[in-house]
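S.K.: Line by line, the protein sequences give chains V and D. Okay, so the first sequence: first residue is 1 according to the working numbering, each after it adds one. Okay, so the second sequence: first residue is 1001 according to the working numbering, each after it adds one.
Each hint should be verified, as a subset may be incorrect.
Unchecked claim - Now the in silico label distances, taken between C-beta atoms and shown as ranges:
no.: 1; chain 1: V; residue 1: E508; chain 2: D; residue 2: V1564; range: 32 to 38 Å
no.: 2; chain 1: V; residue 1: Q274; chain 2: D; residue 2: H1266; range: 37 to 43 Å
no.: 3; chain 1: V; residue 1: D579; chain 2: D; residue 2: E1388; range: 55 to 61 Å
Claimed, not checked - Straight line, CA to CA, 30 Å or less: simulated DSS-like cross-link-like pairs of lysine-lysine:
no.: 4; chain 1: D; residue 1: K1384; chain 2: V; residue 2: K3
no.: 5; chain 1: V; residue 1: K342; chain 2: V; residue 2: K263
no.: 6; chain 1: V; residue 1: K293; chain 2: V; residue 2: K262
no.: 7; chain 1: V; residue 1: K262; chain 2: V; residue 2: K310
no.: 8; chain 1: D; residue 1: K1152; chain 2: V; residue 2: K263
no.: 9; chain 1: D; residue 1: K1529; chain 2: V; residue 2: K529
no.: 10; chain 1: V; residue 1: K589; chain 2: D; residue 2: K1589
no.: 11; chain 1: V; residue 1: K529; chain 2: D; residue 2: K1132
no.: 12; chain 1: V; residue 1: K152; chain 2: D; residue 2: K1152
no.: 13; chain 1: D; residue 1: K1263; chain 2: V; residue 2: K18
no.: 14; chain 1: V; residue 1: K352; chain 2: V; residue 2: K310
no.: 15; chain 1: V; residue 1: K589; chain 2: D; residue 2: K1581
no.: 16; chain 1: V; residue 1: K288; chain 2: V; residue 2: K389
no.: 17; chain 1: V; residue 1: K155; chain 2: D; residue 2: K1072
no.: 18; chain 1: V; residue 1: K262; chain 2: D; residue 2: K1155
no.: 19; chain 1: D; residue 1: K1384; chain 2: V; residue 2: K529
no.: 20; chain 1: V; residue 1: K152; chain 2: D; residue 2: K1080
no.: 21; chain 1: D; residue 1: K1080; chain 2: V; residue 2: K155
no.: 22; chain 1: D; residue 1: K1263; chain 2: V; residue 2: K155
no.: 23; chain 1: D; residue 1: K1293; chain 2: V; residue 2: K263
no.: 24; chain 1: D; residue 1: K1589; chain 2: V; residue 2: K581
no.: 25; chain 1: V; residue 1: K581; chain 2: D; residue 2: K1581
no.: 26; chain 1: V; residue 1: K91; chain 2: V; residue 2: K152
no.: 27; chain 1: D; residue 1: K1263; chain 2: V; residue 2: K132
no.: 28; chain 1: D; residue 1: K1529; chain 2: V; residue 2: K72
no.: 29; chain 1: V; residue 1: K80; chain 2: D; residue 2: K1003
no.: 30; chain 1: D; residue 1: K1072; chain 2: V; residue 2: K152
no.: 31; chain 1: V; residue 1: K3; chain 2: D; residue 2: K1003
no.: 32; chain 1: D; residue 1: K1271; chain 2: V; residue 2: K155
no.: 33; chain 1: V; residue 1: K468; chain 2: D; residue 2: K1003
no.: 34; chain 1: V; residue 1: K263; chain 2: D; residue 2: K1072
no.: 35; chain 1: V; residue 1: K263; chain 2: D; residue 2: K1018
no.: 36; chain 1: D; residue 1: K1376; chain 2: V; residue 2: K529
no.: 37; chain 1: V; residue 1: K152; chain 2: D; residue 2: K1155
no.: 38; chain 1: D; residue 1: K1271; chain 2: D; residue 2: K1293
no.: 39; chain 1: D; residue 1: K1262; chain 2: V; residue 2: K155
no.: 40; chain 1: V; residue 1: K271; chain 2: D; residue 2: K1468
Keep in mind that the hints were calculated from the coordinates and are not lab data. Note that the structure is predicted; figures quoted are calculated from it, not measured. Just so you know, even glycine gets a beta-carbon here, dropped at the ideal spot from N, CA and C.
There are 2 protein chains.
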Amino acid sequence: MDKMGELRRTHYAEDTVKVPFGETVTVAGFVSRTRDLGNLIFTDLRDNTGVLQLAFDQDTDPEVFRKAEQLKSETVIMAKSVLRDRSSKNKDIPTGDIELFVTDLRILNAPTEMLPFEIRDEVPVRDELSLKYRYLELRKPSMTRNLVMRHKIVKCTRDYFDSQHFLEIETPMLIKSTPEGARDYIVPSRVQPGHFYALPQSPQIYKQILMVAGYDRYMQIVRCFRDEDLRADRQPEFTQIDLEMSFADVDDVIAVNEGFLKKLFHDILGKDIQTPFRRMTWNDAMAKYGSDKPDLRFGLEITDLSETVKGCGFGVFASTVENGGSVCAINAEGLAEKLTRKEIDKLVEFVKTYKAKGIAFTRINADGTSSSSYEKFLSEDEAKAVREKMEAEAGDVILIIAGDRMETLTALGALRCQIARNFGLIEKGRFELLWVTDFPLFEYSEEEDRWVAMHHPFTAPRDEDMDKIVSDPGSCYAKAYDIVINGTEAGGGSIRISNPNVQQQMFEALGFTDESARSRFGFLMDAYKYGAPPHGGLAYGLDRLVMLLLELDTIRDVIAFPKVQNAGEPMSGCPDFVDQKQLEELHIKLDLDEE
Amino acid sequence: MDKMGELRRTHYAEDTVKVPFGETVTVAGFVSRTRDLGNLIFTDLRDNTGVLQLAFDQDTDPEVFRKAEQLKSETVIMAKSVLRDRSSKNKDIPTGDIELFVTDLRILNAPTEMLPFEIRDEVPVRDELSLKYRYLELRKPSMTRNLVMRHKIVKCTRDYFDSQHFLEIETPMLIKSTPEGARDYIVPSRVQPGHFYALPQSPQIYKQILMVAGYDRYMQIVRCFRDEDLRADRQPEFTQIDLEMSFADVDDVIAVNEGFLKKLFHDILGKDIQTPFRRMTWNDAMAKYGSDKPDLRFGLEITDLSETVKGCGFGVFASTVENGGSVCAINAEGLAEKLTRKEIDKLVEFVKTYKAKGIAFTRINADGTSSSSYEKFLSEDEAKAVREKMEAEAGDVILIIAGDRMETLTALGALRCQIARNFGLIEKGRFELLWVTDFPLFEYSEEEDRWVAMHHPFTAPRDEDMDKIVSDPGSCYAKAYDIVINGTEAGGGSIRISNPNVQQQMFEALGFTDESARSRFGFLMDAYKYGAPPHGGLAYGLDRLVMLLLELDTIRDVIAFPKVQNAGEPMSGCPDFVDQKQLEELHIKLDLDEE
């Protein structure tokens, strides 16, 4: 192998396009491919900004040429070269007009083993391999682009919040376990036998304490941990953009975050997003979109037909309404040809996973004829009333679900997304941002047989609901808000309770005894006794936000070293066994079932 | 309590000085103190930028005045006010020339309990209280200043490395345990019974893998964990500025970091630091300062007298040299009057904690008379030779230690710092930056009876030592460097081994079997088989760097929520017990000694 000696890179690939022909540059990187045509060699050099063509020909120094003959994919090289015009241009890459005539070539390293797969975006690789050899997967231009974009998003985020007087303050990672919601990861203490730290699910308590401490505006990009079973877009460790601000109410938090997202879309994607964003209450979102995170890139809004079909001739509809349920529908406009009987059958199977019993439909063909699963049971007027309510015209399909109101709305919410995906109603490159507000303060947990906090126990009720926390929890709404981008929750937050008495009522409504509230949150309750400014905040899932901005399908592609389904990481093989001695020092032993 | 209503802060305290008299501003914060003179009330309002005087007088709206009479320390208020000239100026604060005539006062919150201590920097508080009520301690202007400065330092750091093409890339926190050095914190896996994650002591392995993956320049400000017994400047969790760069040798890493520190000192302290910094090899640092992190803010360099006293009349000196030991000394210039016999006795006790047997001294008084503990055993020529070698003159004191070379140097190194501290030789506001280079590659561990890596096992040897790794480890020096500021190691790093064969030799020299090397570092060794660019990096202790820049004595003062001696955090009371159910889910049980 050669040494770099005094040679140093002068330019990254992307920067060479600004250099005039005839100038000397030194570039460094990996050989992505090389074509040896005998007396002509073309080698593509890849660095983390792009690809460049190196050319070796009859004018090349013979020693350099001999070295060039040895180049293979993924050889690590440095090349001092003269920039020149390229004879056969490549319009697909930014550097496609130029090539480098190499005067000094250093081979610095080279693979000693066959690569398990090619370093090309076009060549699909099994997950198993790509995760085990993550360092090779990460060499691919698409992965490099994702992580470079993530860097830029993070930089843009910090710059914005700094400009808005937010202070980056670090909160501890080894904290007290206060499980309310997801499972904590815990860490045994060596120094205090039998005691454990928890890893934070979020810095929630600490950021509130920073407001009590007068820090006014806090931000942190921070790792959080949740020991849950993995879903596609969840990781055991994930990163949060975490914010809190004092002397703020809902509109203040929303305004500062609209400023942030406007800048982010502008700086990262060159898109101009209009502010203020749309806002929708949780009740409206559920009624119209069957979801607390509606995707507004397409229509298919839900219409409540309960009043229309009350007492109609179709028993399923009539009895549902009579028993307090709802009959709701969407109009799949213009999809009559695509929504064949077979497709509708598939959708019936789909909505069954959302507890719906089935779908009643009317397809109105382009020629005005129609087929329907229920109109035969209705009078002509009744059928017409439904069509009119649904504003259904030739080419449309009415899809109706009947049952418990929330279940029906949720099923239709899922159905509209499924139809949009299946039939290509979602435009690439379109972004719809929405605030969902006024969430219920509580939801009833059948499992625990008590009210639980929909967000967390520190969320403030709306001013008008302040007096009903204990007496009528189910009717209280929260000063809570989620930012929804293209049907995904990118972040959420709330105004917090800053009055210790209100906090006490909240714990009471949640069924905490004084003792259990104190043992978990005593220090937070104490802190609030010394006077806190009104405050609230918000947290974004950074991984998800990056994924949304880059329009990717999985957060794995925006995380350098993601975990997989079993919460392990295949490259390093973690988690792993540890020495018995380590366990002894920590005063724990294994407790494995003999199965 | 009042509500904010539509009122919002328009200015922070520090920004009001730019506002013309007569203009209306709204400010918000805590009452730091209030003086009620009957028909005149002066109230100091504190926000995280400073303090402002609010004035209430005979012209104040009576309702506002009545509210002002209720204000107490730490009441949370918002005040709409007209800015005006202040009659009795306060030269101690930036806003001392102005006061605010309040037209609308909102009392938003107030302590419901007596404060355990006053929120004033001047009033000392017991550690116990200040840590338990950390949220109150954090309200103090000094703590606010420290955390605001930390924010600025972090911002400056990220901006610099971004401008130098470093990408911020996040590495995992739940990793594989590879203990070599300090103890890992470990985290039991629920999904994989009997398996554990470790929390990273540093992202070392991942940042090297990012270089293998072609990311070229990486940076991260990242939490790290070490389960060690706490010392004054150590925390179980601490924050690192972590860097790695490709196509780089020692001078490249040093140059990019000198650029960083120059900018940091300029932007944060307004100080112009000259580059390049001084450099010193580890051997020279040990010989001249008895430390691998010399404090260059004062002299007291070490002189080796072994040659001078060889065979002299004083048995202790002569036999030490004869037995292969060293006789070394410092000249405490001009300290003859201060270094009384009593003071020297204290220093003798001090050096004994560093294994030195004692101190031999000569004090040369201003009048030319002298007293010495050893000169009576020397001939006149021998005594003169020592004085000449030490360049000792009237007013100086020679302090000599004899013994094993390294122990002697280390004791003298500690002694010079102790003398500098005790006798005020260290100038406030002075910064001396130094690179210590060429550390030994290995050090011999008597405890483990083998060579261990002085930095870590991935550190590259100097080019000239490449062939001696296995055959003569003790004579190999490393491409390693520490940045030392005022006698404290602010950061350190090295060029890494990028050749798998050299890495293999390194593991061999460290006495790892192939199997144990593979089980710990197999994935890293595999990664290097696919060709890595030459690379190296550096990591700063951020907490320590902030402490150094702000000239504070303890890192606790630059961490919002520090841990204490028993690795606990008194405010929240962590670590704590967890539910038996949590342990069962994690397949572990407690293993407590019955003592």
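S.K.: Hint by hint, say whether it matches the structure.
M.R.: Right, here's what the structure says about each hint:
1. For the hinted restraint 32 to 38 Å between E508/V and V1564/D, the CB-CB distance of approximately 34 Å keeps it satisfied.
2. Hint check: Q274/V to H1266/D, Cβ distance near 41 Å, so the stated range 37 to 43 Å holds.
3. Judged by the Cβ atoms, the range 55 to 61 Å given for D579/V and E1388/D holds: they are separated by roughly 58 Å.
4. For the given pair, K1384/D sits about 53 Å from K3/V by alpha-carbon distance, which is inconsistent with the 30 Å threshold.
5. Of the supplied pair hints, the one linking K342/V and K263/V is violated, its CA atoms being roughly 46 Å apart against a limit of 30 Å.
6. In summary, the hint linking K293/V to K262/V is supported, as the alpha carbons are separated by about 20 Å, within the 30 Å threshold.
7. Restraint check: the Cα-Cα separation between K262/V and K310/V comes to about 46 Å, which exceeds 30 Å; the hinted pair is violated.
8. Taking the CA atoms of K1152/D and K263/V, the gap is near 22 Å; set against the 30 Å cutoff, the hint holds.
9. With a C-alpha separation of about 60 Å, the suggested pairing of K1529/D with K529/V is violated against the 30 Å cut-off.
10. For the hint linking K589/V to K1589/D, the alpha-carbon distance of about 5 Å falls within 30 Å, and the restraint holds.
11. The suggested pairing of K529/V with K1132/D holds, with an alpha-carbon distance near 14 Å, which does not exceed 30 Å.
12. Between K152/V and K1152/D, the direct Cα distance comes to roughly 19 Å. Compliance with the 30 Å bound is thereby established for this hinted pair.
13. The straight-line distance between the Cα atoms of K1263/D and K18/V is roughly 28 Å, inside the 30 Å bound, and the hint therefore holds.
14. Pair hint K352/V plus K310/V holds up; C-alpha atoms about 24 Å apart against a cutoff of 30 Å.
15. A hinted pair counts as satisfied when its Cα atoms are at most 30 Å apart, and K589/V with K1581/D qualifies at roughly 15 Å.
16. Of the pairs offered as hints, the one joining K288/V and K389/V holds, with about 14 Å between alpha carbons and a cut-off of 30 Å not exceeded.
17. For the hint linking K155/V to K1072/D, the alpha-carbon distance of about 42 Å lies beyond 30 Å, and the restraint is violated.
18. Proximity of K262/V to K1155/D is assessed by CA-CA distance (about 22 Å); at most 30 Å being required, the pair is judged to hold.
19. Distance check on the hinted pair: K1384/D and K529/V sit about 73 Å apart at the alpha-carbon level, beyond 30 Å; violated.
20. A distance of roughly 40 Å separates the Cα atoms of K152/V and K1080/D; the hinted pair therefore is violated under the 30 Å criterion.
21. Distance check on the hinted pair: K1080/D and K155/V sit about 36 Å apart at the alpha-carbon level, beyond 30 Å; violated.
22. This hinted pair checks out: K1263/D and K155/V have alpha carbons roughly 19 Å apart, not beyond 30 Å.
23. As the CA atoms of K1293/D and K263/V are separated by approximately 45 Å, the hinted pair breaks the 30 Å bound.
24. With a C-alpha separation of about 15 Å, the suggested pairing of K1589/D with K581/V holds against the 30 Å cut-off.
25. About 25 Å separates the Cα atoms of K581/V and K1581/D, which keeps this hinted pair within 30 Å; it holds.
26. Under the criterion of a C-alpha separation no larger than 30 Å, the hint pairing K91/V with K152/V is consistent with the structure, at around 26 Å.
27. Between K1263/D and K132/V the alpha-carbon distance is near 40 Å, which puts this suggested pair outside the 30 Å criterion.
28. Of the pairs offered as hints, the one joining K1529/D and K72/V holds, with about 14 Å between alpha carbons and a cut-off of 30 Å not exceeded.
29. Pair hint K80/V plus K1003/D does not hold up; C-alpha atoms about 68 Å apart against a cutoff of 30 Å.
30. For the proposed pair K1072/D and K152/V, the alpha carbon gap of about 46 Å is over 30 Å, so the pair is violated.
31. Distance restraint check for K3/V and K1003/D: the Cα-Cα separation of roughly 70 Å exceeds the 30 Å cut-off, and the hinted pair is therefore not satisfied.
32. For the hint linking K1271/D to K155/V, the alpha-carbon distance of about 26 Å falls within 30 Å, and the restraint holds.
33. The straight-line distance between the Cα atoms of K468/V and K1003/D is roughly 19 Å, inside the 30 Å bound, and the hint therefore holds.
34. About 42 Å separates the Cα atoms of K263/V and K1072/D, which puts this hinted pair outside 30 Å; it is violated.
35. For the hint linking K263/V to K1018/D, the alpha-carbon distance of about 28 Å falls within 30 Å, and the restraint holds.
36. A C-alpha spacing of about 72 Å is found between K1376/D and K529/V, which places the hinted pair above 30 Å, so the restraint is violated.
37. Restraint check for K152/V and K1155/D: satisfied, since their Cα atoms lie roughly 15 Å apart, inside the 30 Å limit.
38. A hinted pair counts as satisfied when its Cα atoms are at most 30 Å apart, and K1271/D with K1293/D qualifies at roughly 22 Å.
39. Of the supplied pair hints, the one linking K1262/D and K155/V holds, its CA atoms being roughly 22 Å apart against a limit of 30 Å.
40. Pair hint K271/V plus K1468/D does not hold up; C-alpha atoms about 59 Å apart against a cutoff of 30 Å.
In summary, the numbered hints that this structure violates are 4, 5, 7, 9, 17, 19, 20, 21, 23, 27, 29, 30, 31, 34, 36 and 40.
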